[in-house]
Amino acid sequence: MSLVYNEDQLQLQDSARDFLAARSPVAVQRALRDEGSALGYSPEVWNGMLELGWGAVAFSEQDGGLDFGFAGYAPLFEEIGRHLSASPLLSSVVLCGGLIEQLGTDAQRHHWLPALISGERRLALALEEGARHQPDDFAVTARRDGSGWVLNGSKSWVTDAVSADGWLVVASEADGGCGVFLVSADQPGVQLRTRQMIDARNMGALQLDQVRLADAARLGDNAACAALELVLDRGRACLAAELLGLAEAAFAMTVDYLKTRVQFDVPIGSFQALQHRAARLYAQLQLARSSVMAAFEVLDRSTGSVRERRRLVSLAKWQASQLAQHVGNEAIQMHGGIGVTDEYDLGLFLKRMRLAQNQLGNADFHCQRYGDNRGA
Amino acid sequence: MNELEAFRQETRAWLESNCPPSMRTPMPSDEIVWGGRTVEFKHEDQRLWFERMRDKGWFCPDWPVEYGGGGLNPQQAAILDAEMRRLHCRPPQINLGIWMLGPVLLEFATEEQKQRFLPPMARGEIRWCQGFSEPNAGSDLASLRTSAVLDGDDFVINGTKIWTSYGNKSDWMYALVRTGPMEPKQAGISLVVLDMTSPGISVSPIDLISGKSSFCQVFFDNVRVPRAQLIGELNGGWALGKALLQHERNAMSRFSESALPTHFDLDEFLEKYLGDPQTPAETALQQRAIACLMQEEAFRLTNRRLFETLRARQDASGLMAIAKLVHTEQERSKFELLLEIMGNHALGWAGEGFDQRELDLTGAWLMSFAQTIAGGSSEVQLNVIAKRVLGLPEAK
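Residue numbers (my numbering), protein chains in the order written: chain A, 1 to 376; chain B, 1 to 396.
The following block holds chain A by itself, in its conformation from the complex:
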């Protein structure tokens, strides 16, 4: 892979763009919001994505996938952002599917991966306990209990928790390491409270009270930390690509507006004060795009050090988060009054941007992580 989309990626992007423009325009997202959808996404759109094979892109043929490589998700998530399309692709396929692929036993992989890839079943990742991303210190504990496990604690921010068939719960173990546990939705001892976020998607709070699990509920036998980090890096790259797409869309709306909105008898885009601000956004978009491409490049190849992967993924999430902050704010300001009306779509983009910025590490988190991983 390089920093420019290849033929295959471009084809994937074209088909994603056609599909999303036809089946998942922003109006669909607005309707979900208006009707207060508990699910937060349209099952029809999600099924369409699955029919196009989006669940299978990065998995090996052995696991029931297309073996396209992880780089396929760069154009897909960019288009998802551009069209403001909601789906559990990140939570169920990239994150939960990725964890099962990395950690699961043969039996677990066989049982779960084809079902996640086809959408027959859906999982959500129960990772976050606090309001900001914290990927390596968990108050939820998993204690050995005979041949099984007992889980206790709460996971307060589980994206796409509503109607999931189950959750992958990340918990601390007695030796200080972490494990990932499959908890089905009907498991006794689990309570789910749901809340709707500003982007009209849901996050659940899971309360785990003496949740008894069989040994087979743990993904594999090994410590999960390294695999968890790799899978979170994939998720961060996908969010960065989505943020890039969101920013591209908000920027395009803004440039169009500058060309068509007339005040003082001229298009406001002829004012240098606005031209220069738009030009700076354009430059920042380019820096972010290069960083996002580099993150997918490093995730797509098996060589390269862990530190390099961390650095480039954090660079991408940092750049994309800063970009979204800047483009979102400038887009609204340059639109003037219409930009703050609910009727205009820009606000929906802004709200989704803030969620994606905060998920799996905000700009400060990734700046710190980049600094901690400098050097070979």
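What the hints contain is simulated information worked out from the structure, not anything from laboratory work. For clarity, every value in this text was computed on a predicted model and none was experimentally measured.
With a straight-line cut-off of 27 Å between C-alpha atoms, the simulated DSS-like cross-links for lysine-lysine are: (1) 242/B with 396/B; (2) 387/B with 242/B; (3) 387/B with 259/A; (4) 212/B with 42/B; (5) 242/B with 185/B; (6) 259/A with 396/B.
To be clear about the criterion: a stretch of chain B counts as covered by chain A if any three or more of its residues have a C-beta under 8 Å from a C-beta of chain A, and this derived list gives those stretches: (7) 296 to 302; (8) 322 to 329; (9) 387 to 396.
Backbone N, C-alpha and C define an ideal beta-carbon position, used for all residues, glycine too.
Based on these hints, arrange chain B on the given structure of chain A.
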């Protein structure tokens, strides 16, 4: 073995036996060999390397042999370039005239002019400077006023040019002058070349806020320039000037690649000037330094993407349009940050207690203000992005 591969083998062998080992080391900027009437060599290897490359015609490898060039086709020239990089060969001389004026003469000059100007250029015998900007024509270059009035077979030139790099060390100048005072401003400009020893020319170096600089102001007081030194059509100079500026970007990037710019590595300064353990204020500085390094990495990646975009034959005009803006502004921010990290150590001018690196840093910081202005200010770059890339409308 195909012909190109044979050429590569032959070139590699020639470079290996003819480029002295000391000419394969990174070149500090005070060891640049400038072509011109008087070439200064600091040591014998520089002279050897200069003469050997000159005699091959490889100062201008892709110019026709009849004008003193190497006669290489584009593929061969690319191979020579790649082989020189592989061996880390220094450029045997630097002569902005070759890189900028040369291509324009090849395209627009008369046969007689080509015969007259190109061979000495190709032998590194003439050092050229550029006379474009004027005190009242900076970003608005087309408003230039230095006049050239025909008097018999000569132009008589009056006026002044500013920001002429090495104006005090150059042998000849190519200049944009006003030959059509009544024409619309772009349509009254011509390109002329002139000998800097002509009577009536005086040159003053310009001191910058950073101290001594290579910039000069050049004054013309009834300077007579033969009409035969008009390049292209009378009043047709604007298009040639734009072509020259295209080559300028190319020349400047080759220039900055070949001469080793003094590099200021943030890590080195963080370690030296921040305490251990850090105070909270120092930790905040450290965090800002990380952000600065991240911006630099994103820019390096963007340069790589530019290259890969061109290789994939896709449109790279947007990426080219942001490069100068982003790079010069990042550099200035980096120096501002270094200033904060170093405190008083970066604010010294002379005297004991400042080491050379600290004084160099102060100079480089002050010089970074010139970089966001020279060669098209940031504001001009933003205008270009807004109009040509984003298609925003012109102001009324």
